[in-house]
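Colleague: Given the coordinates of chain E, work out where chain F should sit on it, guided by the hints.
Protein sequence lines correspond, in order, to chains E and F. Residue numbers in the first sequence follow the UniProt record's numbering, run continuously in steps of one, and reach 240 at the last position. Residue numbers in the second sequence follow the UniProt record's numbering, run continuously in steps of one, and reach 240 at the last position.
What the hints contain is simulated information worked out from the structure, not anything from laboratory work. Source: prediction; values computed, not measured. A couple of the hints might just be wrong.
Note that the list lumps identical chains together, so a pair holds whenever it fits in one copy or between two copies.
As the list claims (entries may be wrong) - Simulated crosslink set (SDA-like; lysine to any residue; CA at most 20 Å straight-line):
no.	residue 1	residue 2
1	Lys86	Gly49
2	Lys86	Arg209
3	Lys155	Ala187
4	Lys155	Trp18
The chain contents come next:
2 protein chains.
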Amino acid sequence: MRNFGLTDLRLVSPRDGWPNPAADTMSAGAFDAGVVVNVHETLQDALEGVTYLIAATARLRGIEKRVTDAVGAAEAAFGRSGGDGKGIAAVMFGGEKAGLPNEAVALSDLLMTYPVDPDFKSLNLAQAVCVFVHEWGKLNAAENPSNFPSQNQVKPLEIPSMPDANPSTRDDVFRMFEHFEFELERAGYFFPPEKTPLMKDNLRSALIRADWTEQEVQTFRGAIKALAIGRGKARVVRED
Amino acid sequence: MRNFGLTDLRLVSPRDGWPNPAADTMSAGAFDAGVVVNVHETLQDALEGVTYLIAATARLRGIEKRVTDAVGAAEAAFGRSGGDGKGIAAVMFGGEKAGLPNEAVALSDLLMTYPVDPDFKSLNLAQAVCVFVHEWGKLNAAENPSNFPSQNQVKPLEIPSMPDANPSTRDDVFRMFEHFEFELERAGYFFPPEKTPLMKDNLRSALIRADWTEQEVQTFRGAIKALAIGRGKARVVRED
Numbered sequence: 001m002r003n004f005g006l007t008d009l010r011l012v013s014p015r016d017g018w019p020n021p022a023a024d025t026m027s028a029g030a031f032d033a034g035v036v037v038n039v040h041e042t043l044q045d046a047l048e049g050v051t052y053l054i055a056a057t058a059r060l061r062g063i064e065k066r067v068t069d070a071v072g073a074a075e076a077a078f079g080r081s082g083g084d085g086k087g088i089a090a091v092m093f094g095g096e097k098a099g100l101p102n103e104a105v106a107l108s109d110l111l112m113t114y115p116v117d118p119d120f121k122s123l124n125l126a127q128a129v130c131v132f133v134h135e136w137g138k139l140n141a142a143e144n145p146s147n148f149p150s151q152n153q154v155k156p157l158e159i160p161s162m163p164d165a166n167p168s169t170r171d172d173v174f175r176m177f178e179h180f181e182f183e184l185e186r187a188g189y190f191f192p193p194e195k196t197p198l199m200k201d202n203l204r205s206a207l208i209r210a211d212w213t214e215q216e217v218q219t220f221r222g223a224i225k226a227l228a229i230g231r232g233k234a235r236v237v238r239e240d
Numbered sequence: 001m002r003n004f005g006l007t008d009l010r011l012v013s014p015r016d017g018w019p020n021p022a023a024d025t026m027s028a029g030a031f032d033a034g035v036v037v038n039v040h041e042t043l044q045d046a047l048e049g050v051t052y053l054i055a056a057t058a059r060l061r062g063i064e065k066r067v068t069d070a071v072g073a074a075e076a077a078f079g080r081s082g083g084d085g086k087g088i089a090a091v092m093f094g095g096e097k098a099g100l101p102n103e104a105v106a107l108s109d110l111l112m113t114y115p116v117d118p119d120f121k122s123l124n125l126a127q128a129v130c131v132f133v134h135e136w137g138k139l140n141a142a143e144n145p146s147n148f149p150s151q152n153q154v155k156p157l158e159i160p161s162m163p164d165a166n167p168s169t170r171d172d173v174f175r176m177f178e179h180f181e182f183e184l185e186r187a188g189y190f191f192p193p194e195k196t197p198l199m200k201d202n203l204r205s206a207l208i209r210a211d212w213t214e215q216e217v218q219t220f221r222g223a224i225k226a227l228a229i230g231r232g233k234a235r236v237v238r239e240d
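Isolated chain E (complex conformation) (with noise of 0.2 Å):
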């Protein structure tokens, strides 16, 4: 939560106490960084000044109740919290095994679910809390850009489409960038030698985004041998 900037946490009656040492190292350093965690008795203690409730579950009950994903759960929350008296919004989560009890989904305004696999539903109670907050986290940045300077460099991209070719396996460019390395290492291009690793991930950065077919790799491993071979044949040249 803290990740996307939420630092009200409310927790009723938690089974291991708290303070508890171990969500202490697991927070890493999230209590620190501004959560402040506040534990309740009971539900309607936890409650206090929130105006709109959602619950998440996997499992949608016969209670008529209106239902959205995580996106409409973070829209919803977004727009019904915040400064200027706009209320509190809070999402509530329940027991890994047990889920929350139906009396708590009573008092919800909204229900909240995920495409989980019918076969797996049971998530992470973590997990299902950092679904949601990444969605908030979205909307928050969106509205706030200045805040997330590297959401910046996120562009709306071109999903990349498939070469009419095989696509090449990562470890067949693999080989060929230490082909590649092992010639160039040969022609001493390597210079200085505390630079190379850096010249390596250049190159081989540069190189990745051409989206190589299995037959160009073959064709550019072709290519760095004829080098190679060449050179070694313009030494010979040069020697006599």
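Modeller: Structure of chain F alone, referenced to chain E:
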């Protein structure tokens, strides 16, 4: 990954070895449910057969790469993998602290980054994976709707607008429900007793949809009170 239908996990030189009893516990049965783990000494080995590679990173390095978010990465992975010789797309996640080494990033077709708070960037690896697989799972569910019956209940959501008046807090509504149920109890409404919880949940579920303002809660509580007192009076009349 299993929750969203992915089953091919490749580990490169795992710090704590493999098999790992702790991972087994955390997996909640995913290995029995089809997740196949292969351990590799090197990244090159792990990339066998991979034709499209996406690297997850919060640190956008100097190397020139296309950058996308989780949605774009899921679309790219979905478009570049599957049957009919379409190849295998892989998403690569690095250690929580050190992240991916530069030489791994250099091999990627695409960088994936999330809108994390710049002051709290480092996401737990399992959660980073979960964010991606959820986006992938959305595409998968959209492509194969018959496999995801619960998703049929997800309806486009009209974002609930803010009421003009102050919204009620959930604890106010909670107290209103308790008041209502207390009076219904006294009136003998809940019968048979074993159905009480279900009857309460159904009532709460229906009433909560009204999205109460603060004022409306007061009004409704006044109404309950009036009915309760009125009934008292009526009884007195009858007892006369």
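Colleague: Now tell me if each hint is right for this structure.
Modeller: Results of checking the hints against the structure:
1. Lys86 to Gly49: Only inside one copy: Lys86 and Gly49 sit 11 Å apart there, 52 Å across copies, limit 20 Å.
2. Lys86 to Arg209: The answer is between: 18 Å across copies meets 20 Å, while 47 Å in one copy does not.
3. Lys155 to Ala187: Result: close neither inside a copy nor across copies, 38 Å intra and 63 Å inter.
4. Lys155 to Trp18: neither (43 Å within a copy, 38 Å between copies)
Consistency with the previously given hints fails for numbers 3, 4, ordered from lowest to highest.
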